[in-house]
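Participant: Here is how the chains run, residue by residue.
There are 2 protein chains.
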Amino acid sequence: MNETGLSEEEIISLLGDAKSKDFSYDRVLSSMCTTPHAVAVKAHMQFIESNMGDFGLFKGTHAMEKEVIRMTGNMLHCPGAEGYLTTGGTESNIQAVRSMRNLHERKNSGPRLNVVVPASAHFSFDKISDVLDIEVRKASLDRDFKASAEAMASLIDENTVGLVAIAGSTEFGQVDPVEEISGLALKHGLPLHIDAAFGGFVLPFLEEKHAFDFSLQGVTSIAVDPHKMGLSTIPAGILLFRDFRHLDCLKAHAPYLTVDSQYTLTGTRSGAAVAATFAVMKFLGKEGYTATVSRCMEMTRYLIREASVLGVEPVIDPVMNVVTLKVPDPAFIRSTLSREYNWHVSITREPKALRLVIMPHMSRGMIDMFVSDLAKVVETVRHQRR
Amino acid sequence: MNETGLSEEEIISLLGDAKSKDFSYDRVLSSMCTTPHAVAVKAHMQFIESNMGDFGLFKGTHAMEKEVIRMTGNMLHCPGAEGYLTTGGTESNIQAVRSMRNLHERKNSGPRLNVVVPASAHFSFDKISDVLDIEVRKASLDRDFKASAEAMASLIDENTVGLVAIAGSTEFGQVDPVEEISGLALKHGLPLHIDAAFGGFVLPFLEEKHAFDFSLQGVTSIAVDPHKMGLSTIPAGILLFRDFRHLDCLKAHAPYLTVDSQYTLTGTRSGAAVAATFAVMKFLGKEGYTATVSRCMEMTRYLIREASVLGVEPVIDPVMNVVTLKVPDPAFIRSTLSREYNWHVSITREPKALRLVIMPHMSRGMIDMFVSDLAKVVETVRHQRR
Numbered sequence: 497m498n499e500t501g502l503s504e505e506e507i508i509s510l511l512g513d514a515k516s517k518d519f520s521y522d523r524v525l526s527s528m529c530t531t532p533h534a535v536a537v538k539a540h541m542q543f544i545e546s547n548m549g550d551f552g553l554f555k556g557t558h559a560m561e562k563e564v565i566r567m568t569g570n571m572l573h574c575p576g577a578e579g580y581l582t583t584g585g586t587e588s589n590i591q592a593v594r595s596m597r598n599l600h601e602r603k604n605s606g607p608r609l610n611v612v613v614p615a616s617a618h619f620s621f622d623k624i625s626d627v628l629d630i631e632v633r634k635a636s637l638d639r640d641f642k643a644s645a646e647a648m649a650s651l652i653d654e655n656t657v658g659l660v661a662i663a664g665s666t667e668f669g670q671v672d673p674v675e676e677i678s679g680l681a682l683k684h685g686l687p688l689h690i691d692a693a694f695g696g697f698v699l700p701f702l703e704e705k706h707a708f709d710f711s712l713q714g715v716t717s718i719a720v721d722p723h724k725m726g727l728s729t730i731p732a733g734i735l736l737f738r739d740f741r742h743l744d745c746l747k748a749h750a751p752y753l754t755v756d757s758q759y760t761l762t763g764t765r766s767g768a769a770v771a772a773t774f775a776v777m778k779f780l781g782k783e784g785y786t787a788t789v790s791r792c793m794e795m796t797r798y799l800i801r802e803a804s805v806l807g808v809e810p811v812i813d814p815v816m817n818v819v820t821l822k823v824p825d826p827a828f829i830r831s832t833l834s835r836e837y838n839w840h841v842s843i844t845r846e847p848k849a850l851r852l853v854i855m856p857h858m859s860r861g862m863i864d865m866f867v868s869d870l871a872k873v874v875e876t877v878r879h880q881r882r
Numbered sequence: 497m498n499e500t501g502l503s504e505e506e507i508i509s510l511l512g513d514a515k516s517k518d519f520s521y522d523r524v525l526s527s528m529c530t531t532p533h534a535v536a537v538k539a540h541m542q543f544i545e546s547n548m549g550d551f552g553l554f555k556g557t558h559a560m561e562k563e564v565i566r567m568t569g570n571m572l573h574c575p576g577a578e579g580y581l582t583t584g585g586t587e588s589n590i591q592a593v594r595s596m597r598n599l600h601e602r603k604n605s606g607p608r609l610n611v612v613v614p615a616s617a618h619f620s621f622d623k624i625s626d627v628l629d630i631e632v633r634k635a636s637l638d639r640d641f642k643a644s645a646e647a648m649a650s651l652i653d654e655n656t657v658g659l660v661a662i663a664g665s666t667e668f669g670q671v672d673p674v675e676e677i678s679g680l681a682l683k684h685g686l687p688l689h690i691d692a693a694f695g696g697f698v699l700p701f702l703e704e705k706h707a708f709d710f711s712l713q714g715v716t717s718i719a720v721d722p723h724k725m726g727l728s729t730i731p732a733g734i735l736l737f738r739d740f741r742h743l744d745c746l747k748a749h750a751p752y753l754t755v756d757s758q759y760t761l762t763g764t765r766s767g768a769a770v771a772a773t774f775a776v777m778k779f780l781g782k783e784g785y786t787a788t789v790s791r792c793m794e795m796t797r798y799l800i801r802e803a804s805v806l807g808v809e810p811v812i813d814p815v816m817n818v819v820t821l822k823v824p825d826p827a828f829i830r831s832t833l834s835r836e837y838n839w840h841v842s843i844t845r846e847p848k849a850l851r852l853v854i855m856p857h858m859s860r861g862m863i864d865m866f867v868s869d870l871a872k873v874v875e876t877v878r879h880q881r882r
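Chains A and B, in that order, are what the protein sequence lines are. My numbering puts the first sequence at residues 497 to 882. My numbering puts the second sequence at residues 497 to 882.
Excised from the complex, chain A in its bound form (with noise of 0.2 Å):
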């Protein structure tokens, strides 16, 4: 800081620069984030300065945070699962690959230890496997992009500390046969961990029932994100263990805190975004993120036939809130469509498709625009190949 400091006014003027830069998610077809729920900002901004890396000082925020595992526990058919509320879903994944790892017992020194993943799983699974120095091993999916179990227990070997199965997969919204995944963990007394970070406030809700939850006796852990499909405000993520022990293996000592003990990847945390969790939470209810969802898949039904209209077909069948289209070298579409016509879409690895997440801040009228513009792109890319 060798600035002097500049007026309230200009400061406005600033913000307003970079806000009129950023993507208004009007035009964003790409995010897993949407604009939070009025209820959730409202509570944020009162907890603004509530710490919960000390939450003995803050026994409101943090009483309110145990009620939204509470919750969260109920609605993954687990009431007394123990956990807390993390910065989102990465960080949620490491702790529970680290509890993993801490559990388990080395039966000798040598070899990597490693964990078994579908091929289909975030890539914060990478940046796990250098952080905590453990060897990700990717298992082959089916044809519907789902995990195959057969090819994940192929992976399994003596220093495997545990699986991970996925429950709405960030590329197709897809969801892992985790039934069979839980009774192959089981069979081998591993943990296994769900990434929910996308379906956990999804397939709860949805009219066609998936079992991915602690309703199957191998699951061990869940990670599920209030700020993504829960409307809360980042950062907000949920960790969930079935046994406390999964959690107390993660025990740091806090000296010159209120507590005695941490259990989380980072220190200090925002105790507004727990505020604006719980208060979303309890102001929805089951009926109000069952009719988020059933709009959101209203939506995504909705585009599948208008993109069918101009011959372009999804490479799944949506499970979730997620399309994948199979477009002409989806890669100049997509550049085009951010260029010339201001729409921000994404494009998956393989197959190559234009990936589109469904998030509550879309309507039909976006859509309606946003396939009217699809359609001339697509047929700018057919005339060209003609």
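In short, the hints are calculated from the structure, not lab data. A couple of the hints might just be wrong.
Computed cross-link-like contacts, BS3-like style, restricted to lysine-lysine with a CA-CA straight-line distance of at most 25 Å [unchecked claim]:
(1) A:Lys555 x A:Lys705
(2) A:Lys562 x B:Lys782
(3) B:Lys848 x A:Lys747
(4) B:Lys517 x A:Lys538
(5) A:Lys848 x B:Lys562
(6) B:Lys555 x B:Lys747
(7) A:Lys538 x A:Lys782
(8) A:Lys538 x B:Lys515
(9) B:Lys515 x A:Lys555
(10) B:Lys515 x A:Lys562
(11) B:Lys517 x A:Lys517
All values reported here derive from a predicted model rather than from experimental measurement.
Position chain B against the provided structure of chain A, taking the given hints into account.
Facilitator: For chain B alone, coordinates are given in the frame of chain A:
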């Protein structure tokens, strides 16, 4: 979520209940966090939905992050420093040690790698030891609770990946002899990380100058926390590297985002805290922070004088705005202050003493009230001992 949604009035009432159970910062003398500046809170709100995990969608917020990095690099005497906004000191420290570990060329695969830190290092280093699977070697302190460069030197071996020094220790607010430790790092060709999570927004603005930053050639990375003395909102930490290669070795490939790689520990990241940090740094500038620090240091000296009148002396002469007081039976005094007088203080480990952090939310009036209650409690203990 099995429950029915509540009304907005019911939510407001629940939040009010929770708020009443959180302690007000008016009664807290143990926290390194404080009430964020109003300008920070406003900016936080304006960017509440911004996600730095996919900063290609939030180019305005990302430009603010780059400006914060630039300003902080200047403040710490390395204009070209590279880095990013973390969730706070713990993440910054994890990432700095991870970088050292990744840069280290293993001489042999047998023994564990290690990092040498002062015994005064924050407890996050115990967490780091477990997370990164690295030995944390703690060097003894000198009589003033500063790291002893000699003790650190004696712990270095061929498996040492780097050194850490503290600029503003959590317990005593002490500053290590960083110049000497920098020399040690250069001599051994090791990276040196400075944990200035607390001191980073204090030391540059003190009358008495301390050499602790990139002006010392051996210093390779620094952690500073805007959500402590920077008066920003939670979660706002900054991690800076002198050399881009030290950041680059943390890279994870990020498919399906607008950006193709991520250096951060978490995925989704609060753009709100980025905006808040940008706004408050721009608003306060050098004079603003100098005034804040001066006021805290004046209150620190005032508290020392007032305590002295009670016959209570500090463990060390304060270097920063942390006061440690030698009292009889500190644990009893702490709990009595909390239970009977609603004052929240903490205690140090060795020697046991009352620990008070004199943050910007404090005032002379608050100190007067506190000292008056402290007098009563100390008198009770002395009386019992007679």
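Participant: Work down the list of hints and note, for each, if the structure agrees.
Facilitator: Going through the hints against the structure:
For the proposed pair lysine 555 of chain A and lysine 705 of chain A, the alpha carbon gap of about 37 Å is over 25 Å, so the pair is violated. A distance of roughly 41 Å separates the Cα atoms of lysine 562 of chain A and lysine 782 of chain B; the hinted pair therefore is violated under the 25 Å criterion. Restraint check for lysine 848 of chain B and lysine 747 of chain A: satisfied, since their Cα atoms lie roughly 23 Å apart, inside the 25 Å limit. Of the supplied pair hints, the one linking lysine 517 of chain B and lysine 538 of chain A holds, its CA atoms being roughly 18 Å apart against a limit of 25 Å.
Among the hinted pairs, lysine 848 of chain A with lysine 562 of chain B is inconsistent with the structure: their alpha-carbon atoms are about 32 Å apart, more than 25 Å. For the proposed pair lysine 555 of chain B and lysine 747 of chain B, the alpha carbon gap of about 20 Å is at most 25 Å, so the pair holds. Taken as a hint, the lysine 538 of chain A and lysine 782 of chain A pair is honoured in the structure, with Cα atoms around 21 Å apart against an allowance of 25 Å. As the CA atoms of lysine 538 of chain A and lysine 515 of chain B are separated by approximately 13 Å, the hinted pair is consistent with the 25 Å bound.
Distance restraint check for lysine 515 of chain B and lysine 555 of chain A: the Cα-Cα separation of roughly 9 Å lies within the 25 Å cut-off, and the hinted pair is therefore satisfied. The hinted pair formed by lysine 515 of chain B and lysine 562 of chain A meets the criterion: a straight-line CA distance of about 15 Å does not exceed 25 Å. Distance hint between lysine 517 of chain B and lysine 517 of chain A is unfulfilled; the C-alpha atoms sit about 40 Å from each other, more than 25 Å.
When the structure is compared with the earlier hints, violations turn up for hints 1, 2, 5 and 11 and for no others.
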